[in-house]
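Those protein sequence lines, which keep their order, are chains A and B. The opening residue of the first sequence carries number 178 in the working numbering; numbering runs sequentially from there. The opening residue of the second sequence carries number 4 in the working numbering; numbering runs sequentially from there.
Don't take every hint at face value.
[Unchecked claim] Taking beta-carbon pairs under 7 Å as the criterion, some of the chain B residues facing chain A (in silico):
| hint | residue |
| --- | --- |
| 1 | M15 |
| 2 | L18 |
| 3 | N20 |
| 4 | G58 |
| 5 | A59 |
| 6 | A60 |
| 7 | Y62 |
| 8 | I63 |
Keep in mind the hints are simulated off the structure, nothing from the lab. Just so it is clear, CB atoms sit at the ideal spot from N, CA and C, and this is done for glycine as well.
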Amino acid sequence: MKYPILCQIMPPDLLKQLLGQVPEEEKNIVLRTIIIDSKMRERRAIMGSMSSMFPLAGEKSICIFDSHNTKDVRSSTKVRCLNDDKADDLSANEAFHGLDVTYNFYENIFGRKSIDNNNMSIKGYVHWGDKYMNAFWDGAKMCYGDGDPNLGIKSFTASIDVMGHELTHGVTQYESGLEYWCDESHHPGALNESISDVFGSLIKQYALNQTAEQADWLIGQIFTDPNLALRNMREPGTARPNDPQPAHMRDYVNLPNDEDHDNGGVHINSSIPNKAFCLAAIDIGGYAWEKAGQIWYKALHGDIPTDCDFHTFAQLTLETSKLLFGNESREHRAVRKGWEAVGIRI
Amino acid sequence: MKIYFSTSGGLMGILNNHVMIDSDTFSEKEKYQFENLIRHSDFFNLQSDRPPTHGAADYINYSISIEDGKQKHTVKTNDVTMSSQLEPVIRFLQNKIRK
Ligand SMILES: [Zn+2]
Numbered sequence: 178m179k180y181p182i183l184c185q186i187m188p189p190d191l192l193k194q195l196l197g198q199v200p201e202e203e204k205n206i207v208l209r210t211i212i213i214d215s216k217m218r219e220r221r222a223i224m225g226s227m228s229s230m231f232p233l234a235g236e237k238s239i240c241i242f243d244s245h246n247t248k249d250v251r252s253s254t255k256v257r258c259l260n261d262d263k264a265d266d267l268s269a270n271e272a273f274h275g276l277d278v279t280y281n282f283y284e285n286i287f288g289r290k291s292i293d294n295n296n297m298s299i300k301g302y303v304h305w306g307d308k309y310m311n312a313f314w315d316g317a318k319m320c321y322g323d324g325d326p327n328l329g330i331k332s333f334t335a336s337i338d339v340m341g342h343e344l345t346h347g348v349t350q351y352e353s354g355l356e357y358w359c360d361e362s363h364h365p366g367a368l369n370e371s372i373s374d375v376f377g378s379l380i381k382q383y384a385l386n387q388t389a390e391q392a393d394w395l396i397g398q399i400f401t402d403p404n405l406a407l408r409n410m411r412e413p414g415t416a417r418p419n420d421p422q423p424a425h426m427r428d429y430v431n432l433p434n435d436e437d438h439d440n441g442g443v444h445i446n447s448s449i450p451n452k453a454f455c456l457a458a459i460d461i462g463g464y465a466w467e468k469a470g471q472i473w474y475k476a477l478h479g480d481i482p483t484d485c486d487f488h489t490f491a492q493l494t495l496e497t498s499k500l501l502f503g504n505e506s507r508e509h510r511a512v513r514k515g516w517e518a519v520g521i522r523i
Numbered sequence: 004m005k006i007y008f009s010t011s012g013g014l015m016g017i018l019n020n021h022v023m024i025d026s027d028t029f030s031e032k033e034k035y036q037f038e039n040l041i042r043h044s045d046f047f048n049l050q051s052d053r054p055p056t057h058g059a060a061d062y063i064n065y066s067i068s069i070e071d072g073k074q075k076h077t078v079k080t081n082d083v084t085m086s087s088q089l090e091p092v093i094r095f096l097q098n099k100i101r102k
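Construct all of the structure, not just a fragment, from the sequences and the given hints.
In structure tokens, the structure reads:
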């Protein structure tokens, strides 16, 4: 069933009435559609007032589907779900493992139950498209292409941080209203991308039991050449030949905010907050998810403007570090230093 | 027929990846296939697909412009809301570029 975007102007009573007519399994979809454009504070208020209408959180649920090199969900077949034996397919097993670790990471470290914190079923589609060289989150599921080894690109399931990156886009969708674009003075899309890189990298470090110092801080080792990656969070611009990512605000890449330029370079300038996080985590020391990760996760739950800029988000992380660890604590100072190192003074 | 095909975005953050293909360079079989696809999709009357809804990320944006005699038409789409008419056209062009 398709639901219109009726939206933010609808009175709560009418909303409740509409939701009452919707089948249980579709309530989440309709609510998400309705609140799409509302501000974060309004979204949380709507969610809170509607919570009694939703079933209690179910069990953990992960399913992997094989799209048989099409882009058609209807002809895709289920290949491995939770508690099933391994599938006879490497991509399906890699995707299952990556999403399982990601679920466990969010639950064990942040007490979060799945993408929506209400045990929304996690769905991953492998062998998506014909030699499709990408992975994406469509608002409800993740799709992974096989890449093309002849062009030096492996399956996008080969990199656990890519699994974590895509699922985190779902978490960001539920926790913030960050929009997906950038311009010279607004950076919501680059922040959205950076949050996915940050938690994608933390998930890889968690799986490998690495401290911040031990971690390689690489995102997307999907190339057949093991020395290459999509992004390097510690040293942006060095992950691969012609890596366009800047390491400092003075090198911010100002692109037109349109569909031909990666929505204003959301995957380009994300390196600036990426490096700030990485430096703060290394400065704090130990496992990055224990302190720096906690600060960023809590900041994501703050009042982030939908068109947030780097400076506003930096302030939010600084305030959160003070709240969690104290004024002028090691963590508080490390966060400030991290942002200053990339040219953002707070 | 002149075909301008561009892609942008995706997890890799592709920028400005433009290709111009002249259908005169197609084999007879390819020409037949492509003309069929354009006819079946009613390309010159197709509207662009709507942008993805809030939350979607890392999808690739596609733009196809075709010039055929006096006709010229541009259609934009993306991985999330791509229509079933456009999907085979995109698949054909991507295979053609890969060759
Ligand atoms: Zn992303």
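*Minimum Cβ distance from B:N20 to chain A below 7 Å?*
Result: violated, 9 Å to nearest chain A Cβ.
*Taking the least C-beta to C-beta distance, is B:A59 closer than 7 Å to chain A?*
Holds. Min distance 4 Å.
*For the hint on B:L18, does the least C-beta distance to chain A fall short of 7 Å?*
With a minimum Cβ separation of about 6 Å from chain A (threshold 7 Å), the hint on B:L18 holds.
*asked:* Can you verify the interface hint for B:Y62: is its Cβ closer than 7 Å to any Cβ in chain A?
replied: holds (5 Å)
*Closer than 7 Å between Cβ atoms is the bar; does B:G58 clear it against chain A? Give me holds or violated.*
Given a least distance of 3 Å, the restraint on B:G58 holds.
*With a cut-off of 7 Å on the beta carbons, see whether B:M15 makes it to chain A.*
holds (6 Å)
*Return the status of the interface hint for B:I63: holds when the least beta-carbon distance to chain A is below 7 Å, violated otherwise.*
With a closest approach of 6 Å, the B:I63 hint holds.
*May I ask you to test the interface hint for B:A60 with respect to chain A, counting a Cβ-Cβ separation under 7 Å as satisfied?*
holds (4 Å)
Comparing the model with each earlier hint shows a violation of hint 3 alone; every other hint is respected.
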